[in-house]
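Following the hints, position chain F against chain H.
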Amino acid sequence: MQKSITGLYPGTKFIGALFLGITAFIVPTYWYSIGAFLACIVLAFLAGIGPKFLRTVRNTLLVLAIFMFGIRTLFGGGETVLWKWGNLSVTVESLNNATTIVTAILALGAALLLFFLITPVKDITAALENAGMAPSATYVVLSAIQMIPEMRKQSATIMDAQKTRGVETEGKLLTRMKAFVPTLGPLVLSSIASTEERVITLESRAFTAPVTKTRLYVVTKERRDVVIQVVLIALFVLIVIGRIALWLL
Amino acid sequence: MSTQQGFFKRDFSLIALLLIPVAIAINIVGFQLCQLLRLPIFLDSIGTILVGAIAGPWVGAVTGLLTNCINGIFNPVYFPYALTSIMVGIVAGLLAKRGMFTKLWTVIIAGLILTFVATICSGLITAIVFGGATGSTGSIITATLLAAGNNIFTSVFSVQFFQEIADKLISVLVVYIVIKGLPTRYLSKVKYGHLYTTRAKRSRVRETSGS
Chain H
1 MQKSITGLYP
11 GTKFIGALFL
21 GITAFIVPTY
31 WYSIGAFLAC
41 IVLAFLAGIG
51 PKFLRTVRNT
61 LLVLAIFMFG
71 IRTLFGGGET
81 VLWKWGNLSV
91 TVESLNNATT
101 IVTAILALGA
111 ALLLFFLITP
121 VKDITAALEN
131 AGMAPSATYV
141 VLSAIQMIPE
151 MRKQSATIMD
161 AQKTRGVETE
171 GKLLTRMKAF
181 VPTLGPLVLS
191 SIASTEERVI
201 TLESRAFTAP
211 VTKTRLYVVT
221 KERRDVVIQV
231 VLIALFVLIV
241 IGRIALWLL
Chain F
1 MSTQQGFFKR
11 DFSLIALLLI
21 PVAIAINIVG
31 FQLCQLLRLP
41 IFLDSIGTIL
51 VGAIAGPWVG
61 AVTGLLTNCI
71 NGIFNPVYFP
81 YALTSIMVGI
91 VAGLLAKRGM
101 FTKLWTVIIA
111 GLILTFVATI
121 CSGLITAIVF
131 GGATGSTGSI
141 ITATLLAAGN
151 NIFTSVFSVQ
161 FFQEIADKLI
171 SVLVVYIVIK
181 GLPTRYLSKV
191 KYGHLYTTRA
201 KRSRVRETSG
211 S
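Taken in order, these protein sequences are the chains called H and F.
Using UniProt numbering, you'd call the opening residue of the first sequence number 1 and step up by one each time.
Using UniProt numbering, you'd call the opening residue of the second sequence number 1 and step up by one each time.
Bound-form chain H, shown alone (with noise of 0.2 Å):
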């Protein structure tokens, strides 16, 4: 079953993570995207990485999910009241709209989250350029993504080395900002530095030779990707015409 959800094309993943999201916003009633919520949830435990997606979801999601509730309830006016103090009330029309685009943004939100957690970038690049993307387009994604660790673990080497020097990195606000240019200027200086001697390392393996490359790494999509893309995409469009039509009558 694992195999099974993380094994599928990039692209259908992300078709079906599109699918969930959207649609929470489309079809009008909460309980709807309530359960595309809690299909995420399910579908991250099938896929073997529930406990690191909740926590991902209770980190960034939930944070987000709670202020932006309380301040549309509080904020959001109406006329059946429930509750009121000073400029603060609570109404029906507020609660059902809170609910109505927080869940909606949980459901979203979520099936991003889960689709970035179950399809490693290398699989994402490489899928974009089966659709036709640059291969110079893809070496910048996935170098960006090489270089953040190995940027991180150089300026704690220069903080190290400039707190020998004497500079102080704790204390006063002021102490502290005086820190900051002493670390970031070396390592942006030196990692700008390094793009020359890239150039010419990429140059010289004929990196912007006009020619089709070979790859080392392939994603192939097979026949039950095709089979889930047409479903979805004929799914969706079923939903926005059952809308449309909700919203004509």
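It is worth saying that the hints were derived from the structure and are not from the lab.
Ideal Cβ positions, reconstructed from N, Cα and C, are used throughout, including at glycine.
Among the hints, a few may not be true.
Partner residues are not named here, just some residues of chain H that face chain F (Cβ under 7 Å, in silico) [what the hints assert, rightly or not]: (1) Met68; (2) Phe69; (3) Arg72; (4) Ser143; (5) Val199.
Below, chain F without anything else, positioned relative to chain H:
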């Protein structure tokens, strides 16, 4: 099609392409460094402004977009704010074209312009997409202002403005210092590099003294 390709080749040279990942890493590491030093600001657009200033608005825009996409992988809240980062990249590039990053006082004006751009974009996104609060540091102040009877846009914009002004002024100053530290050999390879090299300065002096 051919003009489009020409445009692409002109702005996105190999060195500009390789500058993008470095700038994204600077954005993200700068943000983390701020948290490490426990500074109350974000400083997550130093790389975007730097690239906009030396490699042009379009490369800056791509840097901003990709930074938010990579941040969005770990927290989807960042996706809508890609608009702000794109605008910061474009505006930084346009300001650099007019030589705003060459002197200290114009750099401060550039910082103020960027503050306004970022406040308007981020404020609109916070107010319209998230209804006023995203759970970040400013959210509680926004809620207090709302409770005091302020309009949602006034509350969001005022909080955003005070967060952005310190952020953008420090960012442009770091960018200014970094550009000063870059060797001419490197600057000559990027699109707007000629604005910062000593020869450009000398010729500008000659122009003004001649006229």
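Verification of the hints:
About 5 Å separates the beta-carbon of Met68/H from the nearest beta-carbon of chain F, less than 7 Å, and the hint is met. Interface hint at Phe69/H: violated, since its Cβ lies 9 Å from the closest Cβ of chain F, which is beyond the 7 Å cut-off. With a least beta-carbon distance of about 5 Å to chain F, the hint placing Arg72/H at the interface is held under the 7 Å criterion. Proximity of Ser143/H to chain F holds as hinted, the smallest CB-CB distance being about 4 Å (cut-off 7 Å).
The beta carbon of Val199/H comes within 5 Å of a beta carbon in chain F, closer than 7 Å, and the hint placing it at the interface holds.
Of the hints listed earlier, the one the structure fails to meet is number 2.
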